[in-house]
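Chains A and B supply the protein sequences, listed in that same order. Heads up: the first sequence begins at 23 in the numbering used here, then just goes up one per residue. Heads up: the second sequence begins at 23 in the numbering used here, then just goes up one per residue.
Keep in mind that a hint or two might mislead.
Which copy? The list can't say, so a pair holds if one copy fits it or any two copies do.
[To be verified] Keeping only pairs whose Cα atoms sit at most 35 Å apart, straight-line, the calculated DSBU-like set for lysine-lysine is: (1) Lys-84 with Lys-24; (2) Lys-49 with Lys-174; (3) Lys-84 with Lys-200; (4) Lys-209 with Lys-124; (5) Lys-24 with Lys-143; (6) Lys-49 with Lys-143; (7) Lys-206 with Lys-110.
Just so you know, these hints were derived from the structure itself, not from any lab. Being a predicted model, the structure only gives us computed values, none of them experimental.
There are 2 protein chains.
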Amino acid sequence: MKVSLGPRAVAIPMPAFLVASYDQDSKPNVMTVAWGGIVNSEPPYIGVSIRHHRWTYEGIEKHQAFTVNIPKTSQAQETDYVGIFSGKTHDKLAKAGLTAVKSDLVEAPYLQECPLVLECKVDKYLDLGTHRLYVGLILDVKVNENALTDGKIDIRKVDPLIFGPNQDYYQIGDFVAKAFSVGKSLK
Amino acid sequence: MKVSLGPRAVAIPMPAFLVASYDQDSKPNVMTVAWGGIVNSEPPYIGVSIRHHRWTYEGIEKHQAFTVNIPKTSQAQETDYVGIFSGKTHDKLAKAGLTAVKSDLVEAPYLQECPLVLECKVDKYLDLGTHRLYVGLILDVKVNENALTDGKIDIRKVDPLIFGPNQDYYQIGDFVAKAFSVGKSLK
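Bound-form chain A, shown alone (with noise of 0.2 Å):
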C-alpha cells in the first residue's frame, strides 16, 4: 500500500559532494552539495546544483571551474559545517581544518583531505529555479593511493559520506551484488 508525500525534492541515496571553488577574490572556497551526480558518459559530465544566492555560485561563475570532493565518513563533522555557513563571511577551510591545492588542469582548489577528487570544467548550465544545474566536465579523478585496491578505487577505503532523505548522513553497508552480472540468469 503507497502513500502519496506529494511533490518533493527526494531520491535515495543522495551525494555529500564538497564543492571547493575560488570565490571572486581568487580565495578557496568550499560548499557541500547534495544535488548532483554523473550526467553523461562521454565525455565524463558530473552535474551539481548551486543556488543563485551562495557565494560558491559567485566563484564559479567568475572562474567557470570546480572541484567534486568525496568526504569520509570521520569528515561528518566538517562536510555539515561548510554547508551551513557562507563562505563571503567565514574562513569555512580554515575552521574545517580542510587544505586547499591548487588544481592541475582547473582554476579551482581541491581538498587534501578527501580521498577523492574531481577536477572540472563547466561547459554547461541550465538555471532551474532555485538552483543552477551546472554541468562539469571531469578532466580529472585524482584518488587517494591508500583508497586503491588492485588499482581500483576501493569504496571501502574512501568510507564516502552518503546523504539521507532527512538530512541525515551514513556510511555504505554491506556488498549486495556484482553488477553486469547478477541480473543475467533472468534471461
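Position chain B against the provided structure of chain A, taking the given hints into account.
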C-alpha cells in the same frame, strides 16, 4: 598522496534508479539508471540521463514522462537484469516479476514492488554526448506505508540499492550524524 586516474565518469555514491516509462507501443518498460539525482529544490526536479539508442529513450520522447523507482536490496537481480537487456526485445517486467501500475499524474507506469516512487513529467532536457539528460518535474512521491516511521521516509525500511564505482551494488550502512546540526559547533 593522490594518484591521477584521468578523466572518467565516477562519483560516490551513485543511485540504482529503475526508470519506468511507456514504450512506443504504450507498453510498460523499465531500465536501470546510475546517472541521475535531484537537480533543483523549487520546483522539485530530478535529472536522469539516458543513452539515445535506448528503448526507454524512445518511450520518454513519445510520452514525455517517466517514473523513478528506488529498488530495495532484495531486488538486486531484477535491477541488474533490466539494466542489461532491452525492452525492445525482452518483456523485462514479466521476467523480473515487476508490476506496472498506472500513475495518477503522469503518462508513465510505476513499479508496485519498489518502496519509493517519483512520478515525473519531462520539463527540460540537455543533450550531452552519449546521453540526453532529462529534467523531470516531480509531481508526486509515493512510498510504501511500511517504509515510513512517524510519517517520514525511513531509509532502513526502504533498504535501497546503491551503485558503487566498480559496477557493484551496496546497501546503506550505519547512521553517521545529523545534517544541519553536527557541523554547527565548528563555527
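Checking against the hints above, which ones are violated? none
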